Amino acid sequence: MKNKTIQLLLSGLTLLFLYGCEKELPNYYKIEGYEFASTEPDGGNWTPILIESGDAISIPAPDPVNSASYLQELEDLKTAMAQMSQADANAVTYWTQNPIIRWNEIALELIAKYNLIPGPNEDGSYTLPNPANPNGPPAFPFAHPPYAVRVLAYLSVAQYDGLISAWHYKYTYDRSAPFIQDESIVTAYNDNSDISYPSDGAVIATASRKVLTQMFPLEAKYLAEKETEHLRSLLLSGAHLQSDIEAGKLIGDAISTIALARAASDGMKNAQAPKAVSDSLASAAQARFGWHWVNVEIPKRPVGLTPLFGRVQMWSVENVEQTRPIPPPAIGSAAYEADVSQLKSYADNVTKERRRIANFWQDGLGTYTPPGHWNEFAKEFIVKYRLNPLRSARTFAYLNMAMMDGGISCWDAKYYYHYPRPIQVIEGFKTIAGTPNFPSYTSGHSVFSAAGAEVLAYIFPQEASIVRAWAEEAAISRVYGGIHWTFDATVGTDQGKDVAEYTINKARNDGAD
Amino acid sequence: MCRIYQVQEQKLLFLTLVPPSKKIASLLFAAMYLSISLQAQTPSDALMMNSKQICFLLDYNYSSFDNYWEGELKRENQTIAMVKRNSILSMVAVGILDNLNFYAGVPYIKTESTHPNGGKFAGASGFQDLTVALKYRWLNKQLGNGRLAGLATIGFSIPVSQYLPDYMPYSIGLGTPELSYRAILECRHNSDWYLRGAGTYLWRGYAKAEREYYYNNGSYYTPWMDVPSAITAEAVIGKWLFSDALQIELSYLGSRSLSGDDIRPYNPPQPTNKVHMDRVGVFAHYFFPKLKGLGFLAYHNRIVAGRNVPEMNTTGFGATYFFNYRK
Numbered sequence: 020m021k022n023k024t025i026q027l028l029l030s031g032l033t034l035l036f037l038y039g040c041e042k043e044l045p046n047y048y049k050i051e052g053y054e055f056a057s058t059e060p061d062g063g064n065w066t067p068i069l070i071e072s073g074d075a076i077s078i079p080a081p082d083p084v085n086s087a088s089y090l091q092e093l094e095d096l097k098t099a100m101a102q103m104s105q106a107d108a109n110a111v112t113y114w115t116q117n118p119i120i121r122w123n124e125i126a127l128e129l130i131a132k133y134n135l136i137p138g139p140n141e142d143g144s145y146t147l148p149n150p151a152n153p154n155g156p157p158a159f160p161f162a163h164p165p166y167a168v169r170v171l172a173y174l175s176v177a178q179y180d181g182l183i184s185a186w187h188y189k190y191t192y193d194r195s196a197p198f199i200q201d202e203s204i205v206t207a208y209n210d211n212s213d214i215s216y217p218s219d220g221a222v223i224a225t226a227s228r229k230v231l232t233q234m235f236p237l238e239a240k241y242l243a244e245k246e247t248e249h250l251r252s253l254l255l256s257g258a259h260l261q262s263d264i265e266a267g268k269l270i271g272d273a274i275s276t277i278a279l280a281r282a283a284s285d286g287m288k289n290a291q292a293p294k295a296v297s298d299s300l301a302s303a304a305q306a307r308f309g310w311h312w313v314n315v316e317i318p319k320r321p322v323g324l325t326p327l328f329g330r331v332q333m334w335s336v337e338n339v340e341q342t343r344p345i346p347p348p349a350i351g352s353a354a355y356e357a358d359v360s361q362l363k364s365y366a367d368n369v370t371k372e373r374r375r376i377a378n379f380w381q382d383g384l385g386t387y388t389p390p391g392h393w394n395e396f397a398k399e400f401i402v403k404y405r406l407n408p409l410r411s412a413r414t415f416a417y418l419n420m421a422m423m424d425g426g427i428s429c430w431d432a433k434y435y436y437h438y439p440r441p442i443q444v445i446e447g448f449k450t451i452a453g454t455p456n457f458p459s460y461t462s463g464h465s466v467f468s469a470a471g472a473e474v475l476a477y478i479f480p481q482e483a484s485i486v487r488a489w490a491e492e493a494a495i496s497r498v499y500g501g502i503h504w505t506f507d508a509t510v511g512t513d514q515g516k517d518v519a520e521y522t523i524n525k526a527r528n529d530g531a532d
Numbered sequence: 004m005c006r007i008y009q010v011q012e013q014k015l016l017f018l019t020l021v022p023p024s025k026k027i028a029s030l031l032f033a034a035m036y037l038s039i040s041l042q043a044q045t046p047s048d049a050l051m052m053n054s055k056q057i058c059f060l061l062d063y064n065y066s067s068f069d070n071y072w073e074g075e076l077k078r079e080n081q082t083i084a085m086v087k088r089n090s091i092l093s094m095v096a097v098g099i100l101d102n103l104n105f106y107a108g109v110p111y112i113k114t115e116s117t118h119p120n121g122g123k124f125a126g127a128s129g130f131q132d133l134t135v136a137l138k139y140r141w142l143n144k145q146l147g148n149g150r151l152a153g154l155a156t157i158g159f160s161i162p163v164s165q166y167l168p169d170y171m172p173y174s175i176g177l178g179t180p181e182l183s184y185r186a187i188l189e190c191r192h193n194s195d196w197y198l199r200g201a202g203t204y205l206w207r208g209y210a211k212a213e214r215e216y217y218y219n220n221g222s223y224y225t226p227w228m229d230v231p232s233a234i235t236a237e238a239v240i241g242k243w244l245f246s247d248a249l250q251i252e253l254s255y256l257g258s259r260s261l262s263g264d265d266i267r268p269y270n271p272p273q274p275t276n277k278v279h280m281d282r283v284g285v286f287a288h289y290f291f292p293k294l295k296g297l298g299f300l301a302y303h304n305r306i307v308a309g310r311n312v313p314e315m316n317t318t319g320f321g322a323t324y325f326f327n328y329r330k
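Each protein sequence line maps, in turn, to chains A and B.
So for the first sequence, the working numbering puts the first residue at 20; every next one is plus one.
So for the second sequence, the working numbering puts the first residue at 4; every next one is plus one.
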């Protein structure tokens, strides 16, 4: 009897153990490629962002399909495919024939890895990450939201322009893929990528590796390994010959060089202004409005995050002041006092739902940031609507251009109005989210999210109402978190929509619609 | 009588039952480890209640830390300043058979930072995890000038409120189910000194965050966080005094996670962290000779070394009361 009782109890616990044991924790989007909704024969004529047109980058004409060199390449490919290892096969499956998804994920991973704010030194001072000494400490970069959105914008724009160029040459030379030339070759992917010169995947691999290596210099080796694996999987998929890949690499190299040249002179290197400049912005706001934001960390950070990010060159807006929002309520005004009461009420009544919303959208330190979150949504829509690589690149490009412009506009407002955070002015106020090191008005989450949502609503009109609702939830999440005023969120949402319109207008006229 | 220990980040809880009669008391040892949380260690020890006894325990403890180990780097952090944790635990222990006891308990925990601090974060509070456990005595043997007891405990704990584990260092628990398997050996000399050793394997499941993405040496596109399982080892030396009215002991507890990542620089901990710690403690339990069934306990322990763990000091007090629940 005693033994039976014990056996029963033990077996019950064993069942619980087994039940709880297995959970899949995905490190990337588990898709295995898909058939594209369209092939885009006219894509080479679309208007790129950085270059004049698809033929602005030159590549050599391919060898004809009846040439000895071509036939030799076909034989080499068959030999290589016959010797594929399991790791090779896994890589082919992983990369898919829309590898922009994977490079976007790699970018998000590096953003999350480097999104760490430098802590204080022993003496209470702070050391800034320095690209001239990337190992630090602190390591370079600090991939905060302005840094992150800029990484994503340059990455996506280079990818998009590179693919317009690739599409131009695909339909100029019209060289069929090896699996069409030789029926004994079976491609690992769906067979609607039937023109292989140049390889669009190789454009993506090389352009992405180059842009990300510039942005994350300590990851050069990691990124080179990714590029090598990706390029090899392009060959082993049976969809490209080595000459297709080499031509794609040429385009990828050229377009990323052009993108990085713009990045080098866009003003970002001055964004983390010295203390004197930072102090002058606070003084100007004090004189103009009678308030200024103060960092309340211990020890106090001498300069806020990127005070001059608002002066970085925008993609679609000529002058940032065109998009500057109306002033916030004056400190002590009735509207201000009403918001103080609202924030106190949220803080005193943290509901399960408000906490969930605050955390879902927090995307704070150590994560892929709000722009990263919107890239994840874009990725899922791209797969849901089976976009081809060119349209995928276009989606990411306009999404990230609009969000970067949104960020620049938001930062202009932040340091022009220099509005205090709730914890600075409400005595004893406590938050459930971390208060960032920059002024309150307007909310970065709100602007990034509204800008991102507008672009996604334009590209995926079926999703318009849901993405706009998400953007509003992302905006109010900051108020629930206790780190933003209600008007930071509502005005920020309007600002994001306004800024996005400039990029969407550009998109409407690029020839893709 | 029962007893309990709680260490902040790791709720660890431990219960000893002293038999009602001194005659039996001198013969029995038992230990029970209850519950879960951030790290785990396992206290060991304890006495068995006989098949008619039930024991209630109410315990309060206070923990705090100024410094913590970020990986292996010990640091302070003025964003959180000093973090305080107050816990109240209620627990029941039931003698089912003379060699089989059942335990159940749940703590209420409140955390917050002292002022001033740079982060202005709200603390957290709530009921943490329900722990149930069974302890079985498989060995109880007279050996020369002493007596050797061997016990095994199996425990299970699970969150009973919707607290957020991904809100460190204020989270009140790890937010995961936990299974504990524990073996205890205790040797009591006729001089009333005793030595006890215990080892535990703690299987932990997954904690659910309220976000869809986190970084753990790579991207994770899921709210589920794999909480590392752990092993612990404990060594105790103790003595019974005043005809078994007072028990005192010194203990060492070591805990090691079997996987996990380090806290990243100047970043909050998360449930996926690899947590190691070495903790030393003192404990005393007094049984009122004239108030049958009533006992008081007090303890203090401190984490003296670790990895991804706070340098936590804990002080606690409790009362135990037992009686026969059947004839």
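The hints are simulated quantities; they were obtained by calculation from the structure and are not laboratory data.
Do not take every clue at face value.
Distance condition first, Cα-Cα at most 27 angstroms in a straight line; then the derived DSSO-like pairs of lysine-lysine [unchecked claim]: (1) B:LYS77 <-> B:LYS87; (2) A:LYS449 <-> B:LYS113; (3) A:LYS363 <-> B:LYS295; (4) A:LYS240 <-> A:LYS403; (5) A:LYS319 <-> B:LYS211; (6) B:LYS242 <-> A:LYS319; (7) A:LYS319 <-> A:LYS403; (8) A:LYS449 <-> B:LYS330; (9) B:LYS277 <-> B:LYS77; (10) B:LYS113 <-> B:LYS55; (11) B:LYS144 <-> B:LYS242; (12) A:LYS42 <-> B:LYS277; (13) B:LYS211 <-> A:LYS49; (14) B:LYS87 <-> A:LYS371; (15) A:LYS449 <-> B:LYS87; (16) A:LYS294 <-> A:LYS42; (17) A:LYS240 <-> A:LYS49; (18) B:LYS55 <-> B:LYS277; (19) A:LYS371 <-> A:LYS294; (20) A:LYS363 <-> B:LYS87; (21) A:LYS525 <-> A:LYS319; (22) A:LYS42 <-> B:LYS211; (23) B:LYS242 <-> B:LYS277; (24) A:LYS294 <-> A:LYS319; (25) B:LYS144 <-> A:LYS371; (26) B:LYS113 <-> A:LYS371.
Computed far set for chain B versus chain A, every beta-carbon distance over 12 angstroms [stated by the list, open to error]: (27) ARG78; (28) ALA127; (29) ALA186; (30) SER194; (31) ARG214; (32) TRP227; (33) LEU294; (34) ASN327.
It should be emphasised that the depicted structure is a prediction, and the values quoted were computed from it without experimental measurement.
Note that CB positions come from ideal geometry on N, CA and C, so glycine has one too.
Hints versus structure:
1. B:LYS77 <-> B:LYS87: Measuring from Cα to Cα gives roughly 18 angstroms; hence the hint holds.
2. A:LYS449 <-> B:LYS113: Roughly 15 angstroms separates the two Cα atoms, so the pair holds.
3. A:LYS363 <-> B:LYS295: Violated. A:LYS363 to B:LYS295 sits at ~51 angstroms, over the 27 angstroms cutoff.
4. A:LYS240 <-> A:LYS403: Roughly 33 angstroms separates the two Cα atoms, so the pair is violated.
5. A:LYS319 <-> B:LYS211: Violated: A:LYS319 and B:LYS211 sit about 34 angstroms apart, past 27 angstroms.
6. B:LYS242 <-> A:LYS319: 52 angstroms, violated
7. A:LYS319 <-> A:LYS403: 46 angstroms, violated
8. A:LYS449 <-> B:LYS330: 55 angstroms, violated
9. B:LYS277 <-> B:LYS77: 15 angstroms, holds
10. B:LYS113 <-> B:LYS55: 35 angstroms, violated
11. B:LYS144 <-> B:LYS242: 19 angstroms, holds
12. A:LYS42 <-> B:LYS277: With a Cα-Cα distance of about 19 angstroms, the restraint between A:LYS42 and B:LYS277 holds, given a limit of 27 angstroms.
13. B:LYS211 <-> A:LYS49: 21 angstroms, holds
14. B:LYS87 <-> A:LYS371: Distance ~24 angstroms between B:LYS87 and A:LYS371 Cα, so the pair holds.
15. A:LYS449 <-> B:LYS87: 16 angstroms, holds
16. A:LYS294 <-> A:LYS42: Violated. A:LYS294 to A:LYS42 sits at ~49 angstroms, over the 27 angstroms cutoff.
17. A:LYS240 <-> A:LYS49: Satisfied, since the Cα-Cα distance of roughly 25 angstroms is no more than 27 angstroms.
18. B:LYS55 <-> B:LYS277: 42 angstroms, violated
19. A:LYS371 <-> A:LYS294: Judged against 27 angstroms, a Cα distance of about 41 angstroms means the pair is violated.
20. A:LYS363 <-> B:LYS87: 23 angstroms, holds
21. A:LYS525 <-> A:LYS319: Roughly 42 angstroms between the alpha carbons, so the hint for A:LYS525 and A:LYS319 is violated.
22. A:LYS42 <-> B:LYS211: Holds, because 12 angstroms separates the two Cα atoms, which is no more than 27 angstroms.
23. B:LYS242 <-> B:LYS277: Given that 27 angstroms is the threshold and the Cα spacing comes to 35 angstroms, the pair is violated.
24. A:LYS294 <-> A:LYS319: Distance of about 13 angstroms is within 27 angstroms: holds.
25. B:LYS144 <-> A:LYS371: It is violated: about 54 angstroms lies between the C-alpha atoms, which goes past 27 angstroms.
26. B:LYS113 <-> A:LYS371: 18 angstroms, holds
27. ARG78: Since the minimum Cβ distance to chain A is about 8 angstroms, B:ARG78 lies within 12 angstroms and the statement is violated.
28. ALA127: For B:ALA127, whose nearest Cβ neighbour in chain A is about 9 angstroms away, the distance does not exceed 12 angstroms, so it is violated.
29. ALA186: 14 angstroms, holds
30. SER194: Consistent with the label, B:SER194 stays out of reach of chain A, its closest Cβ about 34 angstroms off (over 12 angstroms).
31. ARG214: 6 angstroms, violated
32. TRP227: Violated, since 5 angstroms does not exceed 12 angstroms.
33. LEU294: 33 angstroms, holds
34. ASN327: Consistent with the label, B:ASN327 stays out of reach of chain A, its closest Cβ about 20 angstroms off (over 12 angstroms).
The structure does not agree with the numbered hints 3, 4, 5, 6, 7, 8, 10, 16, 18, 19, 21, 23, 25, 27, 28, 31 and 32 stated previously, though it agrees with the rest.
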